[in-house]
Amino acid sequence: MEPSLASYLALSGILFTIGAVGVIFKRNAIGMFMCIELMLNAVNLTFVAFSRYYADVTGQLFVFMVMSVAAAEAAVGLGIIISFFRNRVSVDVDDASILKN
Amino acid sequence: MSEFSLLDYAPIGVMFLVAIGFAASQILVTQLIGPRKRTATKLMPYESGKDPVGSARDRFSIKFYTVAVIFLLFDIEVLFMIPFAVAFKELLAQEKISTIAFGTIAFVEIMIFISTLVVGYIYVWRKGTFEWGLQARAEARAEAKEMVKEKNRRIRETQRVA
Amino acid sequence: MNTILLQNLVNPNVNLPIVLPEMIVALTGVIVMLYDSFVPRQRSVTGAISLIGLAISAFFLVSMWNDAPQTGWNGMIASDGLRLSFTIVFLLVSAVTILISSVWADNEDVPIGEYHALLLFATFGMMFMASGNDLVIIFLGLETLSIATYVMAGLRRGDLKSNESAMKYFILGSFASAFLLYGMALIYGATGSTNITEIALKVANPNFPALLLVGGAMMIVGFGFKVATVPFHVWTPDVYEGAPTPVTAFMAVGSKSAAFASFLRVFVLGFPLIAGVQASEFLHESWVTALSVMAILTMTVGNIAAILQDNVKRMLAYSSIAHAGYAMVGFIGAGMAKNMQQRDAAIAAVAFYMLTYAVTNLGAFAIVTLLGQKNDRRTAFEDYNGIGFRAPALAFTLSLFMLSLLGLPLTAGFMGKVMVFRPALEANNLLLTVMVIAAAVNTAISAYYYLRLIVVMFFRERTTDWLAPRIPTALTAALLITVLGVLYFGIFSDGVIEKFSKSSVGTVFKAGTRP
Chain B
1 MEPSLASYLA LSGILFTIGA VGVIFKRNAI GMFMCIELML NAVNLTFVAF
51 SRYYADVTGQ LFVFMVMSVA AAEAAVGLGI IISFFRNRVS VDVDDASILK
101 N
Chain W
1001 MSEFSLLDYA PIGVMFLVAI GFAASQILVT QLIGPRKRTA TKLMPYESGK
1051 DPVGSARDRF SIKFYTVAVI FLLFDIEVLF MIPFAVAFKE LLAQEKISTI
1101 AFGTIAFVEI MIFISTLVVG YIYVWRKGTF EWGLQARAEA RAEAKEMVKE
1151 KNRRIRETQR VA
Chain F
2001 MNTILLQNLV NPNVNLPIVL PEMIVALTGV IVMLYDSFVP RQRSVTGAIS
2051 LIGLAISAFF LVSMWNDAPQ TGWNGMIASD GLRLSFTIVF LLVSAVTILI
2101 SSVWADNEDV PIGEYHALLL FATFGMMFMA SGNDLVIIFL GLETLSIATY
2151 VMAGLRRGDL KSNESAMKYF ILGSFASAFL LYGMALIYGA TGSTNITEIA
2201 LKVANPNFPA LLLVGGAMMI VGFGFKVATV PFHVWTPDVY EGAPTPVTAF
2251 MAVGSKSAAF ASFLRVFVLG FPLIAGVQAS EFLHESWVTA LSVMAILTMT
2301 VGNIAAILQD NVKRMLAYSS IAHAGYAMVG FIGAGMAKNM QQRDAAIAAV
2351 AFYMLTYAVT NLGAFAIVTL LGQKNDRRTA FEDYNGIGFR APALAFTLSL
2401 FMLSLLGLPL TAGFMGKVMV FRPALEANNL LLTVMVIAAA VNTAISAYYY
2451 LRLIVVMFFR ERTTDWLAPR IPTALTAALL ITVLGVLYFG IFSDGVIEKF
2501 SKSSVGTVFK AGTRP
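Chains as they are written, first to last, in my numbering: chain B, 1 to 101; chain W, 1001 to 1162; chain F, 2001 to 2515.
These are calculated hints, taken from the structure and not from any lab test.
One or more of the hints may lead you astray.
Said to hold, decoys possible - Label pairs and their calculated CB-CB ranges:
#1 Leu2034(F) <-> Ala1023(W): 45 to 51 Å
#2 Ala2444(F) <-> Lys26(B): 41 to 47 Å
#3 Ala1040(W) <-> Gln2042(F): 54 to 60 Å
#4 Asp2494(F) <-> Ser97(B): 48 to 54 Å
#5 Tyr1009(W) <-> Trp2065(F): 52 to 58 Å
#6 Gly13(B) <-> Ala1040(W): 51 to 57 Å
#7 Leu1117(W) <-> Leu2467(F): 29 to 35 Å
Ideal placement from N, C-alpha and C gives every residue a C-beta, glycine not left out.
So that you can see chain B by itself, here it is in the shape it has in the complex (with noise of 0.2 Å):
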């Protein structure tokens, strides 16, 4: 049995929100990253059960989209965050407090 629209919307809105409340909670900056990544993926969940339901391509395209954006900002964000540790030796957001009134 194939499972519903709403399962799938149920199962990406369940990912964002961890996702979500991960890059609120977290202070690492990697792991803030990677609940990101989460958000991004759960997006695309949500686009192709979209597509799927319409039996439409165009939700299946913005997930392409998607991943290379994800992709260059993983590579943007990575370096971004390595630049700081070289910098800071530490990859804590806590430490990230010059710019402060």
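With the hints as your guide, set chains W and F onto chain B.
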């Protein structure tokens, strides 16, 4: 849209079974018929010929990161090429029966895409991302020179003694 | 599979010239990137190439100006008033940013060629944010812009502040992008399409009305972050302070107006009010109310926080938050417009507001860059003490920009504010009138911190020694452009507004009053 059926995915299941079976049988067979000599070196965890000493939480060279990231970006390009490759024959067939040059346009577009990637490749090459052998090579050359000097010195010494 | 493919084949004969300005900018970016990698020692050639590319792109854009609104690429790209007017702002912003960053060419060791390439790619993304008539294009444009600006914020690799700014911007920016994307996915789910024209047709009868609302809310979070509205503004001061000043100028002006372009396109053109249809009315009322509350909060919080700042860059960051609030007044005016002419006039007003804000803010940031010296060390208010009589030209120019940000008559800032408040007042709606009053009160509050800088410059004794900065020619050019812009848009604004007032692609509009 056709009815969803798990049976459609049976070939993938078979592939998984074969893969697991192959790996398992290899391990079993080597365990059963292979000779066994337990020396200290052999009992060490295998780490590409290096001694596995120290913590894995060490800082790695930045070069590994750059290569990994470049791999990641060039890996994603396949995402766009596979749909093109799957559809291309169909588009060429369509080009023959319609007035619109579907196949040609798709080909030109994928070529533009690939040339964009080539630009990126040229950029990372010119920026010296692949040059990380240079320093290592220089060190190796210096070491080799030292070794030759040492060898010559030793030869001279033995000649003097003789 | 093959049969599906055959049935859905669309004619690939798209309207290619419609994206010519974008393509030229992208091509220039690639040329700059390659030139920089082959001639790494250059300091100014890539800047010149970039300026030429931007000029050619602007030429083609202007030559398209009198065409009727049209779409291309199977409806994915729209060329209309919204696109043309915003794109010309982006090109101007990008060119002036290149001129401002010329101060780096002599006294700082930043990878200037890479910076120019990134700036061009960011501009390319912004242009697609204005011309995209499809959620896919808007998303790609937004990400192209964001990823380039993440790198630009961290351009000073050895500087802790720059690192921190880049990391905060990256993490919070991609967090917001994820929300925006989830919103897009839900809207695709609710309407079955990602094309904005089709979404506008479908909001009257969505497949899943609840998802439409949730999707709209998610997109408000995403776009709200990008334009820095309260309560999604917390990243702004830190990121703006830490980033190199020319990059801050670009983010405060370019990213913000690009996000406004997409925001307008998706909400005003994508979620129109269709009278008598409950689903559409509910959606429209929800987003208008939510954005009105956000606009009032944004103005107030931005201005009050700006008063408390001791750093000029942070002050300008909070001022940019407040200005996002003013621009949103025009935005909501466009959303509440009673007919298509009014709507297009309100969109043109927001574009004009962004133009005036752009010239004023770029000029202010140019002077902050110059006075900040190497690594932006001198950006506190004390560093401006008493420079009024030691560098009168700079001080008077900066005062002019402050007065324009405040919105004094005869400056661009005044005309911009008048233009965005007018459609909101014309809507004759209580909420909108309250919003305009709040904006007027806020303008009065903002006088405190804008005038404070002028007072500091002219009436404080300087305690530290004063080193007259050497002004590079390119920076002089940037200042000249911005000063002339401030005066020209303040006095002869009618011509520009007329040029901007072109109709938009969205045709779904049924006049009507709410029950």
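Quick rundown of the hints versus the structure:
Taken as a hint, the range 45 to 51 Å holds for the pair Leu2034(F) and Ala1023(W), whose Cβ atoms sit roughly 46 Å apart. Look at Ala2444(F) against Lys26(B): about 43 Å separates their beta carbons, and that is inside 41 to 47 Å. Restraint check, Ala1040(W) to Gln2042(F): a C-beta distance of roughly 58 Å satisfies the suggested window 54 to 60 Å. Take Asp2494(F) and Ser97(B): their Cβ atoms lie about 49 Å apart, and the range 48 to 54 Å holds.
In this structure the supplied range 52 to 58 Å holds for Tyr1009(W) paired with Trp2065(F), their Cβ-Cβ distance being about 55 Å. Distance hint check for Gly13(B) and Ala1040(W): the Cβ-Cβ separation is about 55 Å, which falls inside the suggested range of 51 to 57 Å. Roughly 48 Å separates the CB atoms of Leu1117(W) and Leu2467(F), a value that falls outside the hinted 29 to 35 Å.
In this structure, the one hint that does not hold is number 7.
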